[in-house]
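Undergrad: Sequence:
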Amino acid sequence: MTTATRPGGISSQPDDSKPPVGGARVAPPTGAAPRNRARARRRNLLSALLFLSPWMIGFLVFTAWPMIYSAYLSLTDYDVINNPEFVGIENYVAMASDEKLLLALGNTAFFALLQVPLYVVVSLGLALLLDRAGRASGFYRTVFFLPKMTPPVAVGVLFLLLFNGSNGIVNGALGLVGIDGPSWTTDPNWVKPGLVLMSLWTVGASVIILLAALRNVPKELYESAQLDGAGFWRQATSVTLPMISPALFFIIVVNTIAALQTFDEAYTAFFGAGNSTYSNDAALFYVIYLFQQAFEFLNMGYASAMAWLLFLVIMVITAIQLVVSRRLVYYEGDR
Numbered sequence: 001m002t003t004a005t006r007p008g009g010i011s012s013q014p015d016d017s018k019p020p021v022g023g024a025r026v027a028p029p030t031g032a033a034p035r036n037r038a039r040a041r042r043r044n045l046l047s048a049l050l051f052l053s054p055w056m057i058g059f060l061v062f063t064a065w066p067m068i069y070s071a072y073l074s075l076t077d078y079d080v081i082n083n084p085e086f087v088g089i090e091n092y093v094a095m096a097s098d099e100k101l102l103l104a105l106g107n108t109a110f111f112a113l114l115q116v117p118l119y120v121v122v123s124l125g126l127a128l129l130l131d132r133a134g135r136a137s138g139f140y141r142t143v144f145f146l147p148k149m150t151p152p153v154a155v156g157v158l159f160l161l162l163f164n165g166s167n168g169i170v171n172g173a174l175g176l177v178g179i180d181g182p183s184w185t186t187d188p189n190w191v192k193p194g195l196v197l198m199s200l201w202t203v204g205a206s207v208i209i210l211l212a213a214l215r216n217v218p219k220e221l222y223e224s225a226q227l228d229g230a231g232f233w234r235q236a237t238s239v240t241l242p243m244i245s246p247a248l249f250f251i252i253v254v255n256t257i258a259a260l261q262t263f264d265e266a267y268t269a270f271f272g273a274g275n276s277t278y279s280n281d282a283a284l285f286y287v288i289y290l291f292q293q294a295f296e297f298l299n300m301g302y303a304s305a306m307a308w309l310l311f312l313v314i315m316v317i318t319a320i321q322l323v324v325s326r327r328l329v330y331y332e333g334d335r
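According to the UniProt record's numbering, the stretch in the sequence shown is residues 1 to 335, in order.
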């Protein structure tokens, strides 16, 4: 068999008698690369699970298991002292005829419907002001956020001091402009509005979120709107609100859930130790009544059923908000 040679007498085929530079090439065993990749993936998975294990253990012990056990207790008659006695859906049937539970539901719904829109409007207004504050915005961000760090119990006590009908600071300020302030802590018609106003004490976190959203709005959009002759309100409705709608939606959902679970401030102000003088049914929110059933009346089974009812109500409301958001919330990645 002959081989072709290049000019100069050099063969066109490599000389198999000499090993390639760097030694002989050894092909890896068949399937070694996939096995190495699988082994690397297992190591990464084990490392991730190791780092996640503290949270996973905490979730299983302090969240998942209590929820499962409370679902079982909701089907029992349990007073903490004696063993649970299975009663089926009697606790859920009893809730339909519990007048205090219906009152607590009504109070909570009224509070949420009044508090959430006002909370969002105030947060957005303060965020718009901070967006124009320039270099001083860092100082004001701190000032607005600090009240969020106040313990809820302290806020409940502060409510009684500020909204006292006789010598409270709020009524004192209203008196300076000729307005006779109401009895915020004793008049059933003003208890919930007073608590709503007091809840605005902690708008700082929402202000920071909305401020970040405002500063992420592209300036080019405002310039284009100005060239088209859009004024302030037109820019606000056509540029600002659509661009910050994801942050607004997040704040609405989170604050709706928080409003439906309101407890600390109202309980401290109206149902805590030494406050029996001010206690009235106008401040009886759902979670407060749930707490009373569980830890004052020791009706753990009934309280567990109440907890699951609240969970379902929150799930339904959140699902409705998610459906509505598909038409009202704009995400930059959407096409």
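The reader is advised that the hints may include incorrect statements.
Here are the simulated EDC-like pairs of lysine to aspartate or glutamate, each with C-alpha atoms no more than 16 Å apart in a straight line [what the hints assert, rightly or not]:
hint, residue 1, residue 2
1, Lys100, Asp281
2, Lys192, Glu296
3, Lys219, Glu296
4, Lys192, Asp131
5, Lys148, Asp264
6, Lys100, Glu296
FRET-style restraints, in silico, Cβ to Cβ [claimed, not checked]:
hint, residue 1, residue 2, range
7, Arg135, Val157, 29 to 39 Å
8, Gly229, Arg327, 41 to 51 Å
9, Glu99, Pro242, 41 to 51 Å
10, Tyr140, Pro242, 18 to 28 Å
11, Arg135, Val316, 39 to 49 Å
12, Phe311, Val80, 31 to 41 Å
13, Gly58, Gly229, 34 to 44 Å
14, Ala236, Gly134, 50 to 60 Å
Think of the hints as simulated: they come from the structure by calculation, not from any bench. In this text, all values refer to a predicted model and were calculated from it rather than measured experimentally. Virtual Cβ for every residue (Gly too), placed ideally from N, Cα, C.
Undergrad: Check whether the Cα positions of Lys219 and Glu296 lie no farther apart than 16 Å.
TA: Since the Cα atoms of Lys219 and Glu296 sit roughly 57 Å apart, the hinted pair is violated (cutoff 16 Å).
Undergrad: Given the hint of 34 to 44 Å, is the C-beta distance from Gly58 to Gly229 inside that range or not?
TA: violated (56 Å)
Undergrad: For the pair Ala236 and Gly134, does the Cβ-Cβ distance stay inside 50 to 60 Å?
TA: About 20 Å separates the Cβ atoms of Ala236 and Gly134, which means 50 to 60 Å is violated.
Undergrad: With 31 to 41 Å as the target window, see if Phe311 and Val80 comply at their CB atoms.
TA: Since the Cβ atoms of Phe311 and Val80 sit about 22 Å apart, the hinted range of 31 to 41 Å is violated.
Undergrad: Could you check the hint for me, namely that Gly229 and Arg327 are 41 to 51 Å apart, CB to CB?
TA: violated (27 Å)
Undergrad: Holds or violated: Lys192 with Asp131, Cα cutoff 16 Å?
TA: violated (32 Å)
Undergrad: Assess, step by step, whether the Cα of Lys192 is no farther than 16 Å from the Cα of Glu296, and give holds or violated.
TA: violated (23 Å)
Undergrad: Given a hint of 41 to 51 Å, does the C-beta separation of Glu99 and Pro242 actually sit inside it?
TA: For Glu99 and Pro242 the Cβ distance comes to about 45 Å; the hint holds.
Undergrad: Are the Cα positions of Lys100 and Asp281 separated by 16 Å at most?
TA: It holds: about 9 Å lies between the C-alpha atoms, which stays within 16 Å.
Undergrad: Given the proposed pairing of Lys100 with Glu296, does the C-alpha separation stay at or below 16 Å?
TA: holds (15 Å)
Undergrad: Taken at face value, is the distance from the CA of Asp264 to the CA of Lys148 at most 16 Å?
TA: At roughly 14 Å apart (the allowed maximum being 16 Å), Asp264 and Lys148 satisfy the hint.
Undergrad: With 18 to 28 Å as the target window, see if Tyr140 and Pro242 comply at their CB atoms.
TA: Holds, since Tyr140 and Pro242 (Cβ atoms, about 26 Å apart) stay within the stated range.
Taken one by one, the earlier hints fail for this structure at numbers 2, 3, 4, 8, 12, 13, 14, listed in ascending order.
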